[in-house]
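Q: With the sequences and hints as input, model every part of the structure.
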Amino acid sequence: MKTSVARGTVRRTVPRSRRRLRRVRAEWLFLLPAALFLATLAAYPFVELVHMSVSQVTAANIFHDWPFVGASGLQAVAATADFREAAVDTVIYVTLVVGVGLLGGLASAVMLWRGGRIAGFTLALMVFGWALPGLINGTAWRFLLDKRGMVDTVLGLFHVAPVYWLVDNRLPLVSVALVNAWVAVPFATLVYRAALLDLPKDVLASADVDGARPGQVLRYIVLPLLRPCTLVLAVVSLVYAFKSFDFIYIMTFGGPGTASTTLPFLSYRLAFELYKYSDGAAVALVTVLVVLVLAVIYIRQVGREERG
Amino acid sequence: MGAEGSRFLSRRELLQRAAVGAGSLTLAGGLAEFIAACGGSSPASSSGHAPDPNTTGTLTVWHYSSQQDVKTVQDYTALFTRKYPKVDVKLQYVEFSEMPKRAIAAAAAKSGPDVFIYGGNEVNAMYQAGVFKSAESYWQGFADKAQFPDGVLTKFKNQLYGVKGYVNLTGLWYNKDILDDVGVQPPKTVDEVTQTFAKIASSGKKYTPIAMTGQPTDQGDWTAWPWLSGFGFSYPNPDQNAIQQAFSLVDEWARKGYLPKEAVSWGQAETFTRWAVGDVAFMENGNWNIGPASRQVGSKFKYGTAQLPTGPKTGGLFLGGEALWIGAFTKVPDLAWAYMQETLLSKPGLLITLSESGGIPARHDMTTLPDVTSNPLLDPYVQEVKNRGSEYPPEGGAAIAAQAVVAQNWSAVIAGQKSPSQAAKDTAEGVKANYHK
Amino acid sequence: MTGSLRRGWISRAGTALLLLLYGLPFLWLVATSLKTETEIFSNEAGLLFQPTFDTYRAILDSDLLQACVNSAIIAAGTTALTLALATPAAYALTRVRGMLVNVSLGLVIVLQITPQPASLIPLYRVLGGWNLLGTQLGVILADSALLLPFCVLILRPFFLAIPREVEEAGTVDGASPWGVFWRIVLPITLNGVATAATIIFFIAWGEFLYAITFLTDASQYPISVLIAGQIGMYGIQWSKMMAIAVVASLPILAIYVFTYRLLRDGLALGSVR
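Chains as they are written, first to last, in our numbering: chain A, 27 to 334; chain B, 713 to 1149; chain C, 880 to 1152.
Note that these hints are calculated values from the structure, not bench results.
Note that CB positions come from ideal geometry on N, CA and C, so glycine has one too.
Be aware that one or more of the hints could be misleading.
Distance windows between CB atoms, simulated [said to hold, decoys possible]: (1) B:Lys802 - A:Leu58: 34 to 42 Å; (2) B:Lys911 - A:Arg196: 30 to 38 Å; (3) B:Asn949 - A:Thr106: 17 to 25 Å; (4) B:Lys911 - C:Gln929: 31 to 39 Å; (5) A:Pro226 - C:Gly1058: 31 to 39 Å; (6) A:Val200 - C:Ile889: 32 to 40 Å; (7) B:Lys911 - A:Val117: 44 to 52 Å; (8) A:Ala86 - C:Gln929: 51 to 59 Å; (9) B:His1148 - C:Phe1137: 54 to 62 Å; (10) A:Arg110 - C:Ser941: 47 to 55 Å.
A: Laid out in structure tokens, this is it:
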């Protein structure tokens, strides 16, 4: 890290106002390549998505003109039972992934705070699981959650009857969400671990001296300091969970029946299995709007953070 | 093929010939080929007469045969290459569920392969998106067209688009050792089925009576169709009563443990592998497992095939199998048709698929061949093709959304998520809402 | 006390639980790749059996090697392109004020949640128009567009953490904005950039949908397609699938061993600073 910072020597060769202007303009130029790139390759598909959701598009006319139907398409789709069921399932799914992901991440970070070789190895193992492609993780867990799979076998050692993780009632949705969370936890762990390591040592030390118990320290000192971190993590995880599709696809295909169908999966099925492109686009758009609202909250908070 | 010609040709002419890439060097053939090679590919003709064997060019074929199945495709492609040695055939693998997506995306850019080998559910959407080219004019000029039953032809607006040369369908496989041990025979009607399963379940040994696909996918509705149609269900006429009877049957099996609930996540491949372990008495699965069975089961246990139990109404069995289609954006339609003709519409081609993957030739003039009649495992399937074969995808692919409804409810019943009556109601309503003629 | 929090029995038990939760699945994955096809189902949960290397012998061929190379090309290309575009952009977003920042961030998030299948047809048209179908460059472009927003979000906190004085000093010395970025800011944030690079690489390595849609030749397919390719209509080769999965994980493991420190210490999204 070599920087030569000439403190205290202010050589005014360029008037400050002009300098600032030049820098501001330049910084917009920094954004330009990324903006152009995204405009062609990301914004265009998104615009198509919006267009599709307010038109009537099927396989028959996808390459021709799309009759405009306005919001009625969105309304029609939102009124179906499938949509409502998927919406509820999505809320459950996202809550589980974000909740378990964050809590698990925090707990893991605290557990592994001890440091040392075993903790280090465990963390490495966890992050490796996160790094593997979803296809592999999903397939592996499909087998692990089978009636004759490892999880039920282990439960059997404790004389617990085998659980049909991917079959019974609400379980399929929960099981897939938990597998998704299993993948999300290591990421949260890393973030929290970094935050914990950054905690001001003197505050912790003085709490020690005052005789505070671990629980109190955690509750009154550590957690509040982790708030900004938690918020960012929450939004990132939220977006990730709302988008999540791979695990459902590979583990249950939205089933049995439609028990584990979330909005993203419903959108996929509508567009690519049933060729009701505009319905699929409408569902996708609803998802985007919901996350957008949540994202606005994030941005406000970040703005507050930066100002404070 | 080499030495004799050189006596009559100068060294320069030999080199010239080699440079042009001519074939044999015999006097008579060499000259003609030389001339033909200079001429390039033959002009397109839609009268059905075959392109010149000396045609050069590239033919792109999309298929979804995975690594262990692709040899069959290569073998029958060789039949085409033998007749058109100068055509470079590019076999491109595209994963099964991705092929329709990729085809439609390609059509957006006005491109695509020359030939599709595709037997899935989504043909209607692909047709509507402009992925296929009509083969009607070629078909009309095809000498053997009468050999193919209607059920293997896919037509849109009365024009022929896709043809299947061989068919795959579902039937009942059984583990003979288990049946003998328990003292039962394969059931012939739906009335006998549940009793047979009950007997196996109560035998005291840890045998699973039946394995079948319960996924909420196209494989699920494929498996459900014989039972549903056996009670009188059809897509144009989704009789709720019929549906309920079929669902009640399956519900009973699942609740009593004859059919494992986990079957809701089993595709046909997994169903087979679980049966091949040796503790499952019956499975509903296809004739394509004949090869895998001999490889994976071998002599571990004795096994056989039988017709699926019949219901009160005739019902049907979907005639699957890979159909061939001409791509809409092909630049060599004559060659594409020639490929179809030489491979899966020809007798040698169908003998290859029969011997390597158990596909039953659809051609009338092949059903009495010893290759077909002498295999006891194949026999029940052949009978079923005659008795109960029905078009797949049903209604030319227009029922795809309705099929999804059936599959989802089938899966929900097996899992115990819905009662048979509730599922029947939902299915009848869903099919009516989603299937439009 | 934080002492006892960190060294108590709870922490030990927790670590053991984590080890189990994250270790067993991999053990099982490797074990399954060493079983025969029927053994996978007859001895599903078993970790004790007679291992066979037949599956590995069957899959280790030139096709697999080619697929690994393809994955490497696509992943490396995506990483390079994404970083080249995202780093200046993330920097700029932290240095500029105003409404546009909020709008940009909002857009970034919105673009991040557009479902991947939804962009298949539009992208096919765009790439087709530029004659990039059937090329790995096409897939790299598509993957980069997919991952660029996420990359910006990851990089942002690193740039936020740099105090203004460092830059001001640079500007005072007469450096151009680009100079400040390239010679002062970037070297400080190398950690963050490397972290982002590793994450992008891993995700691009596992990408499947764009690869199978935009590539035409089987010889171009990355290893993720090979895994999915074990799912045939008439048969799933589980043993092969697991074996290929294990092989596909090895390069990740290799890179991971080197970059682990970075990931461990580098992810500090909005942490206490």
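Q: If you check the beta carbons of B:His1148 and C:Phe1137, does the distance land in 54 to 62 Å?
A: 59 Å, holds
Q: Per the hint of 32 to 40 Å, is the separation of the Cβ atoms of A:Val200 and C:Ile889 within bounds?
A: 26 Å, violated
Q: Kindly confirm whether 51 to 59 Å is satisfied by the beta carbon distance between A:Ala86 and C:Gln929.
A: Holds, since A:Ala86 and C:Gln929 (Cβ atoms, about 56 Å apart) stay within the stated range.
Q: Check the following: the C-beta atoms of B:Lys911 and A:Arg196 are separated by a distance inside 30 to 38 Å.
A: 35 Å, holds
Q: Does the hinted range 34 to 42 Å hold for B:Lys802 and A:Leu58 at CB?
A: Check passed, 41 Å falls within 34 to 42 Å.
Q: Hint says 47 to 55 Å; check whether the CB-CB distance for A:Arg110 and C:Ser941 agrees.
A: Check passed, 52 Å falls within 47 to 55 Å.
Q: Falls inside 31 to 39 Å, the C-beta gap from A:Pro226 to C:Gly1058?
A: 35 Å, holds
Q: That 44 to 52 Å hint for B:Lys911 and A:Val117 (C-beta), does it hold up?
A: 47 Å, holds
Q: Is it true that the C-beta distance of B:Lys911 to C:Gln929 lies inside 31 to 39 Å, as the hint says?
A: 35 Å, holds
Q: Quick check: does the Cβ-Cβ distance between B:Asn949 and A:Thr106 fall within 17 to 25 Å?
A: 24 Å, holds
Hint compliance for this structure: hint 6 alone is broken.
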